[in-house]
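Q: Taken in sequence, the protein lines are chains G and H.
Anchor point for the first sequence: position 256 equals 255 in numbering that gives the first Met the number 0, and the numbering is continuous, going up by one each time.
Anchor point for the second sequence: position 17 equals 16 in numbering that gives the first Met the number 0, and the numbering is continuous, going up by one each time.
If you are wondering where the hints come from, they were derived from the structure by calculation, not from laboratory data.
Be a bit skeptical, because a hint or two may be false.
What the hints assert, rightly or not - With a cut-off of at most 30 Å between alpha-carbon atoms, the simulated DSSO-like pairs for lysine-lysine come out as follows:
#, chain 1, residue 1, chain 2, residue 2
1, G, Lys23, H, Lys179
2, H, Lys190, G, Lys10
3, G, Lys330, G, Lys34
4, G, Lys110, H, Lys179
5, H, Lys151, G, Lys10
6, H, Lys190, G, Lys188
7, G, Lys108, H, Lys194
8, H, Lys197, G, Lys109
9, G, Lys108, H, Lys179
10, G, Lys23, H, Lys201
11, H, Lys145, G, Lys109
12, G, Lys176, G, Lys23
13, H, Lys196, G, Lys23
14, H, Lys201, H, Lys151
15, G, Lys237, G, Lys385
16, G, Lys110, H, Lys201
17, G, Lys23, H, Lys194
18, H, Lys151, G, Lys23
19, G, Lys23, H, Lys55
20, G, Lys10, H, Lys55
21, H, Lys190, H, Lys201
22, H, Lys145, G, Lys23
23, G, Lys330, G, Lys201
24, H, Lys145, G, Lys10
To be verified - Covered by chain H, per the in silico footprint, the following chain G stretches (three or more residues, Cβ under 8 Å):
#, region
25, 6-13
26, 43-52
Don't be surprised by glycine CBs; every beta carbon is placed ideally from N, CA and C.
These are the residues of each chain, in order.
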Amino acid sequence: MLDYILTEEQKMMVDLAAQIAEEKIRPVRAELDEKQEFPHDLLAVFAESGLCGVYIDDAYGGMAGGTPIMNMVLVAEQISKGCAGIALAFAGSALGALPIIISGTEEQKKKYLSRVAEGEIAAFAITEPNAGSDAGGIQTTAVLDGDSYILNGTKQWITNGGEAGIYTVFAMTDRSKGARGASCFIVEKDTPGFSAGKKEDKLGIRASATRELIFQDCRVPAENLLGKPGSGFMTAMKTFDASRPGIGAQALGIATEALELSVQYARERKQFGKPIIANQGLQWMLADMAMQIEASRALIYAVARHIDSGAGRPTAYSAMSKTFASDVAMKVTVDAVQVFGGYGYMKEYPVEKLMRDAKITQIYEGTNQIQRDEIARALIKEAASKKK
Amino acid sequence: MNILVCIKQVPDTTEVRINPETNTLIRDGVDSIINPFDTYAIEEAVRIRERVGAGKVTVISMGPPQVESALREALSVGVDEAILLSDRAFAGADTWATSLTLATALKTLEFDLVLCGKQAIDGDTAQVGPGIACHLDLPQVCYVSKVREISKEKAVVERMMEDGTEVVEVQMPAVFTVVKDINEPRLPSLKGKMKAKKAEIKTLSAADIKANVEEIGLKGSPTSVNKIFSPPRRSGGEMLEYETAPEVAKNLVGKLKEMQLF
């Protein structure tokens, strides 16, 4: 293992998350994937472990200790090694809580972050049928009426939808301003007028619940507005800056599991009277997998630390960590299925699931094409600023 | 209620390999863990404390300094204090001397209940728990699968027997050994792990517990292990292969008669 110079606390987080993955997640992952079942029984395990608070300030009941994003990344990696779908109960909550961490008032943080630290599930709701990569196309509206906002509209493909207690929801308070007219609201599960719609049937991350959210004259107290009216787009962008290394970590966990299983299988599987790992062609495949994975890890950890240090906007680097790691996870898991041969294609073996799970990491929280746009934009901006 | 849990650190394998030349355990490359049965005793102690709502749980172990890691692990799952009995004079103890040493240490502490795992997975004797009870002249209940009621005065517990469940009412203080059916041990929490890392572990020597050095360790052990060996794998055997089951049976009976076993 490369020494990434983790703190004692971070080593404990990694050990504990790895223990949970080994003892609680691995034994149930195939079944939850097959049945497309949300890991209800594991929520208490996560809550009692204290891991839900690793990215939340100590002042609100968490244990961030000044390195929230690095902690979040380390835990997401280990849990995702067990199951990337189950890991979303943790990582999807982080995404849902980040707008509160970034734009919340002291009161909002005290009220909601302490609940997330204790293990309550959160969800982030921006996507709509006509607003995916283009967040400016949001059609859900929020109209001020006395001391509350009235929300109307439908959100789509919301991770932890229907399972979460706390939602950060993006809606237009001024449609004439486009993206600059979006605002973010905290909505509690039992708010009248708010309901969860159909659960999606997905290719991968099947243990994660993905649902529609429906708002019909849903009255949300004005004090639940995060930041100022119209600041929602900025909140969302800052959230993605911090959350994308988490998707990278999810991809990293998937890829690491795929490599470990591949090495183990290649040592055991015998053909032509010798283990298949004795073939140099296969050894080189494994070596390539290992190199790409370690490069992912180094990039993700570096970006997470950069974010925690507060040293400037990390947008391009966050995009790099997510894109690189997810592309690696896709390649590595496809290769893992190849190493397993016919067995790899069968559901009885665990690698086809890894391949299905890996795909979403190239798509959500901004497709890898959108990420490359962000990276290129930063390159152009930097070059332009040097020109006199 | 103050509960003492006696634990043992053992090699992490149920298939302990033995060096045939030296007749000792091969420990190379084998991690050390808390004896799995003891983890149920730890969990039950923590649950009883949570149920009663007062008191503390102390783990105690006799062994070399590296046993500290097992004690810290116990501290990470809700145990309040840990004591290590470590002294060269304790070395080489059999189950008699081990239980006497633990009992001698326990006499210096205040407690209402002593919990042990039913046996250790390395020695498998199941003698140390009952031995502690005898040396302390306390009532003992072995193979406890459920604690129905418990107070400082008495407890009602279920014993798991081969042919059923026995319900026992016992006066306290007492010594229980527990089976794995009693609970499902919790995982540590992050806060628990951090607390365990910083916790101070009290180390007591033979002098600290006022043990008579003639009665403990190798000197105080009435039994000794003369030889350990892996029994040779059974070989031979004969498969009776015939077309039909009656034919197999007929030939089997014939063989047994021939061998004068039938």
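Q: Hint by hint, note whether the structure agrees.
A: Right, here's what the structure says about each hint:
no., hint, in the structure
1, G:Lys23 with H:Lys179, "18 Å, holds"
2, H:Lys190 with G:Lys10, "13 Å, holds"
3, G:Lys330 with G:Lys34, "26 Å, holds"
4, G:Lys110 with H:Lys179, "41 Å, violated"
5, H:Lys151 with G:Lys10, "40 Å, violated"
6, H:Lys190 with G:Lys188, "29 Å, holds"
7, G:Lys108 with H:Lys194, "26 Å, holds"
8, H:Lys197 with G:Lys109, "28 Å, holds"
9, G:Lys108 with H:Lys179, "43 Å, violated"
10, G:Lys23 with H:Lys201, "33 Å, violated"
11, H:Lys145 with G:Lys109, "41 Å, violated"
12, G:Lys176 with G:Lys23, "48 Å, violated"
13, H:Lys196 with G:Lys23, "24 Å, holds"
14, H:Lys201 with H:Lys151, "26 Å, holds"
15, G:Lys237 with G:Lys385, "25 Å, holds"
16, G:Lys110 with H:Lys201, "41 Å, violated"
17, G:Lys23 with H:Lys194, "23 Å, holds"
18, H:Lys151 with G:Lys23, "36 Å, violated"
19, G:Lys23 with H:Lys55, "29 Å, holds"
20, G:Lys10 with H:Lys55, "28 Å, holds"
21, H:Lys190 with H:Lys201, "21 Å, holds"
22, H:Lys145 with G:Lys23, "24 Å, holds"
23, G:Lys330 with G:Lys201, "20 Å, holds"
24, H:Lys145 with G:Lys10, "36 Å, violated"
25, 6-13, "holds (count 4)"
26, 43-52, "holds (count 6)"
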